[in-house]
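Engineer: Chain by chain, the residues run as shown.
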Amino acid sequence: MPNDFSLRIRNAEALPIARIPVLSCDDFRQTIIESVNSGGRISAYFGMRFAEDHVRIIAVVAFEDKGDLSVFSMVVDRGYPAITPDCAQAHWFERELAEQWGIEPVGHPWLKPVRFQAPYRGNAIASVCGVTNFFRINGDEIHEVAVGPVHASVIEPGHFRFQCFGEEVHHLEISLGYQHRGIERALVGGPNKRTIHYMETLAGDTTIGHAFAYCQALEALSRCNVPPRGLVLRGIALELERLANHIGDLGALAGDVGFLPTASYCGRIRGDVLNFTALLCGNRFGRGIVRPGGAAVDLDGDMVDVLLKGLSAAIPDTSSAVNLLWDTPSVTARFEDTGVVPFEVCEDLGLVGVAARACGVDRDVRKDLPFGIYRFVHIPTATWDTGDVFGRAHVRDVEIQRSFAFVREQLETLPKGEVHVDPAPLMPEHLAVSLVEGWRGEICHVALTDDRGRFASYKVVDPSFHNWFGLAYALRGQQISDFPLCNKSFNLSYCGHDL
Amino acid sequence: MIKILLARLRQGHRTMAYPKGNAPELPERFHGAPAIDAARCRADCRKCAEACPTDAICFDGKARRIDLGRCLFCDDCRRACPDHAITMTRDYRLAVGTRDDLIRCDGETHRARALDDTLRSLLGRSLKLRVVSAGGCSACEADTNVLTTIGWDIGRFGIQYVASPRHADGLLVTGPVPDNMKLALEKTYEAVPAPKIVIAVGACAISGGPYINHPEQHGGAASIVPVDLFIPGCPPHPLTILDGFLRILDRIQ
Numbered sequence: 004m005p006n007d008f009s010l011r012i013r014n015a016e017a018l019p020i021a022r023i024p025v026l027s028c029d030d031f032r033q034t035i036i037e038s039v040n041s042g043g044r045i046s047a048y049f050g051m052r053f054a055e056d057h058v059r060i061i062a063v064v065a066f067e068d069k070g071d072l073s074v075f076s077m078v079v080d081r082g083y084p085a086i087t088p089d090c091a092q093a094h095w096f097e098r099e100l101a102e103q104w105g106i107e108p109v110g111h112p113w114l115k116p117v118r119f120q121a122p123y124r125g126n127a128i129a130s131v132c133g134v135t136n137f138f139r140i141n142g143d144e145i146h147e148v149a150v151g152p153v154h155a156s157v158i159e160p161g162h163f164r165f166q167c168f169g170e171e172v173h174h175l176e177i178s179l180g181y182q183h184r185g186i187e188r189a190l191v192g193g194p195n196k197r198t199i200h201y202m203e204t205l206a207g208d209t210t211i212g213h214a215f216a217y218c219q220a221l222e223a224l225s226r227c228n229v230p231p232r233g234l235v236l237r238g239i240a241l242e243l244e245r246l247a248n249h250i251g252d253l254g255a256l257a258g259d260v261g262f263l264p265t266a267s268y269c270g271r272i273r274g275d276v277l278n279f280t281a282l283l284c285g286n287r288f289g290r291g292i293v294r295p296g297g298a299a300v301d302l303d304g305d306m307v308d309v310l311l312k313g314l315s316a317a318i319p320d321t322s323s324a325v326n327l328l329w330d331t332p333s334v335t336a337r338f339e340d341t342g343v344v345p346f347e348v349c350e351d352l353g354l355v356g357v358a359a360r361a362c363g364v365d366r367d368v369r370k371d372l373p374f375g376i377y378r379f380v381h382i383p384t385a386t387w388d389t390g391d392v393f394g395r396a397h398v399r400d401v402e403i404q405r406s407f408a409f410v411r412e413q414l415e416t417l418p419k420g421e422v423h424v425d426p427a428p429l430m431p432e433h434l435a436v437s438l439v440e441g442w443r444g445e446i447c448h449v450a451l452t453d454d455r456g457r458f459a460s461y462k463v464v465d466p467s468f469h470n471w472f473g474l475a476y477a478l479r480g481q482q483i484s485d486f487p488l489c490n491k492s493f494n495l496s497y498c499g500h501d502l
Numbered sequence: 003m004i005k006i007l008l009a010r011l012r013q014g015h016r017t018m019a020y021p022k023g024n025a026p027e028l029p030e031r032f033h034g035a036p037a038i039d040a041a042r043c044r045a046d047c048r049k050c051a052e053a054c055p056t057d058a059i060c061f062d063g064k065a066r067r068i069d070l071g072r073c074l075f076c077d078d079c080r081r082a083c084p085d086h087a088i089t090m091t092r093d094y095r096l097a098v099g100t101r102d103d104l105i106r107c108d109g110e111t112h113r114a115r116a117l118d119d120t121l122r123s124l125l126g127r128s129l130k131l132r133v134v135s136a137g138g139c140s141a142c143e144a145d146t147n148v149l150t151t152i153g154w155d156i157g158r159f160g161i162q163y164v165a166s167p168r169h170a171d172g173l174l175v176t177g178p179v180p181d182n183m184k185l186a187l188e189k190t191y192e193a194v195p196a197p198k199i200v201i202a203v204g205a206c207a208i209s210g211g212p213y214i215n216h217p218e219q220h221g222g223a224a225s226i227v228p229v230d231l232f233i234p235g236c237p238p239h240p241l242t243i244l245d246g247f248l249r250i251l252d253r254i255q
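Taken in sequence, the protein lines are chains B and C.
In this text, residue positions in the first sequence follow the working numbering: the first is 4, and each later residue adds one.
In this text, residue positions in the second sequence follow the working numbering: the first is 3, and each later residue adds one.
Please keep in mind that the hints were generated in silico from the structure rather than gathered at the bench.
Check the hints yourself; a few may be wrong.
To be verified - With beta-carbon atoms standing in for the labels, derived distance ranges:
{"#": "1", "chain 1": "C", "residue 1": "A196", "chain 2": "B", "residue 2": "W329", "range": "45 to 51 Å"}
{"#": "2", "chain 1": "B", "residue 1": "P122", "chain 2": "C", "residue 2": "C107", "range": "51 to 57 Å"}
{"#": "3", "chain 1": "C", "residue 1": "A45", "chain 2": "B", "residue 2": "I128", "range": "52 to 58 Å"}
{"#": "4", "chain 1": "B", "residue 1": "E339", "chain 2": "C", "residue 2": "K5", "range": "44 to 50 Å"}
{"#": "5", "chain 1": "B", "residue 1": "I128", "chain 2": "C", "residue 2": "A196", "range": "45 to 51 Å"}
As the list claims (entries may be wrong) - No farther apart than 25 Å at their CA atoms in a straight line, the calculated lysine-lysine pairs in the BS3-like style are these:
{"#": "6", "chain 1": "C", "residue 1": "K22", "chain 2": "C", "residue 2": "K130"}
{"#": "7", "chain 1": "C", "residue 1": "K22", "chain 2": "B", "residue 2": "K115"}
{"#": "8", "chain 1": "B", "residue 1": "K370", "chain 2": "B", "residue 2": "K69"}
{"#": "9", "chain 1": "C", "residue 1": "K49", "chain 2": "C", "residue 2": "K130"}
{"#": "10", "chain 1": "B", "residue 1": "K196", "chain 2": "C", "residue 2": "K130"}
{"#": "11", "chain 1": "B", "residue 1": "K312", "chain 2": "B", "residue 2": "K419"}
Predicted, not measured: the structure shown is a model, and the values here were computed from it.
Beta carbons are placed, not taken as given, at the ideal position from N, Cα and C, and that holds for glycine.
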């Protein structure tokens, strides 16, 4: 095992930066490749400024079987032999590193920008967003279809290039970056009064997930223990977010195959769940619930009753709406065998969340690296083994049932006491890795403090960062008309990726 | 088939009566426009302005101005105030026709006015909008989109979100307009046939929101295209967005 070289830490644990090993380039490459070969998965891989125009590359690998993370680093100047040819999971991360820090992973097979942002040092590798050397297939009967950035429906911008032979898609390339707002750059030097609002708007449909990951990192860095009632309220908020999005997604999937009953009902029920969240804080997306040290709002007895009553209506309404899908052959026929990602490909790419569980991968941060209330209350992981649109829909259905049960149980047994404590200032020169299972999958935040306890570097890895390439893969061999359905079955974030 | 019919019976009729009937109930903790009672403020206190993440509060002599175009409706100001001078009102009717109307001073309020007669005769019964997310976080997009669900059903007013700008009477823009999205927004605007309107939804699309002053963005839609309706919020409640739509179409007073 290569673990002799690395620092092992738990989720939401803080350790001095001085303890992160600095490896030679050869040892670093070998450690990351062997870690992934022995069951690890790259959770984060990023650069930060190091003395004298050098960049320190920090790798965070999650070991789900052992329930911990390994952290190690190397210092580079201009380039190093790329890891991607030996480890596909590094593909997108190394492209990001090259774009942000002007470091060339030499021998990377596909070195292009991921979000067309201004580099933190050196010259930009691209100037106009979306202008790059797209992969092309040539031939008399080959045609190329370009879609976006402004594309159909009420949706965020992204650019999609399909290489088609007749109706069959041989290759899809996804080019993002249109939503880039400079969040990571602005986080350095924080936390300040705007930081929590960056977190809550980083991906608006994951307000709770990202605020949760941020607060957990901050609490680790200030050795702050959130009171039990605060932990439970955060868990309820996170599961309500999962419920609203999963229910909305099942409705949208129904809409994409022209089955309007479920589309209509789920669209309405999703709104009801958002209103449950609004009961807590006044905002349908949960703005203002999660704050460093716990929760900024509390529930009184009347509100608990209103929520429980709301749940008793929403639970049967949801199952009535969703079960129609499985009883309708025209729906299941469109879902099955569409957009298949095989188990091995899922593992190679390091997919997370619903997309991974639908391929039969038993991966869920709530179970593997438990955090917050999930250390004490367990939600069984739902998996399916077909890797297709049906799998991704089915896993959502099971997760809806389990999240509803969790929320109801927690509301009935709410612990008494405070919901919040004031966190102390952050420890200087420490690192914390904070993982949260958001509704899309693993959210990873890595915070490193400077000698004054301010952020020297703050890395955000939205689950979409892992999964966009999974969507591109899922389209291979599909008809181009299957794209909306496949896209919705992943439902990835553009702004969470572009930051 | 029988299961579909039974489900249909179970789910019932859900479209709200508003605007003919009452508006849907807002949550008890809903944050509408913040209001400052300047009489309660102690001398030289600037705690609310200092706490505001987007610097939406400014002091001008005795007057306090709140720029609803910057406001995230987060209530950080209310929590910071030692004199309980700030309340989050339940006023959801926030849409206005000009950027200046969003700056509230001493409790004065403005509401959006109906489009002029020519535009209203063209668009009053059929308003097709192309939604452009330009750096939006998907919260404004979600609460814009929710108006098409059966509870709100904006189809009742002839309002529809369409796939192509060529089919549209106007744009609805969300997000601060990242530099990477500027060209796409300009081209989409050009593709809409005249006469056309632009609606900016949310703090980002009005001022840049939490991303104010970031060099990666342009501070909202009005820096790129002329805006006819500003709907503040982070995100605005669906009722706030609907209120804005209905006002410019002269469906409510």
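Engineer: Please test the hint of 44 to 50 Å on the beta carbon pair from E339(B) and K5(C).
Structural biologist: 20 Å, violated
Engineer: Can you let me know if the beta-carbon spacing of I128(B) and A196(C) is within 45 to 51 Å?
Structural biologist: 39 Å, violated
Engineer: Is the Cα-Cα distance between K370(B) and K69(B) 25 Å or less?
Structural biologist: Satisfied, since the Cα-Cα distance of roughly 11 Å is no more than 25 Å.
Engineer: Are the Cα atoms of K196(B) and K130(C) separated by 25 Å or less?
Structural biologist: 39 Å, violated
Engineer: Compare the distance between the alpha carbons of K22(C) and K115(B) with 25 Å, and conclude whether the hinted pair is satisfied.
Structural biologist: Violated: K22(C) and K115(B) sit about 55 Å apart, past 25 Å.
Engineer: Between K22(C) and K130(C), does the CA-CA distance stay at or below 25 Å?
Structural biologist: Satisfied, since the Cα-Cα distance of roughly 22 Å is no more than 25 Å.
Engineer: Would you say the C-beta atoms of A196(C) and W329(B) sit inside 45 to 51 Å of each other?
Structural biologist: 49 Å, holds
Engineer: Holds or violated: K312(B) with K419(B), Cα cutoff 25 Å?
Structural biologist: Holds. K312(B) to K419(B) sits at ~21 Å (cutoff 25 Å).
Engineer: Determine whether the Cβ-Cβ distance between P122(B) and C107(C) falls within the hinted range of 51 to 57 Å.
Structural biologist: At roughly 43 Å between Cβ atoms, C107(C) and P122(B) fall outside 51 to 57 Å, so the hint is violated.
Engineer: For the pair A45(C) and I128(B), does the Cβ-Cβ distance stay inside 52 to 58 Å?
Structural biologist: 55 Å, holds
Engineer: Need the status of pair K49(C), K130(C): alpha-carbon distance at most 25 Å?
Structural biologist: Distance ~44 Å between K49(C) and K130(C) Cα, so the pair is violated.
Of the numbered hints listed earlier, those contradicted by the structure are 2, 4, 5, 7, 9 and 10.
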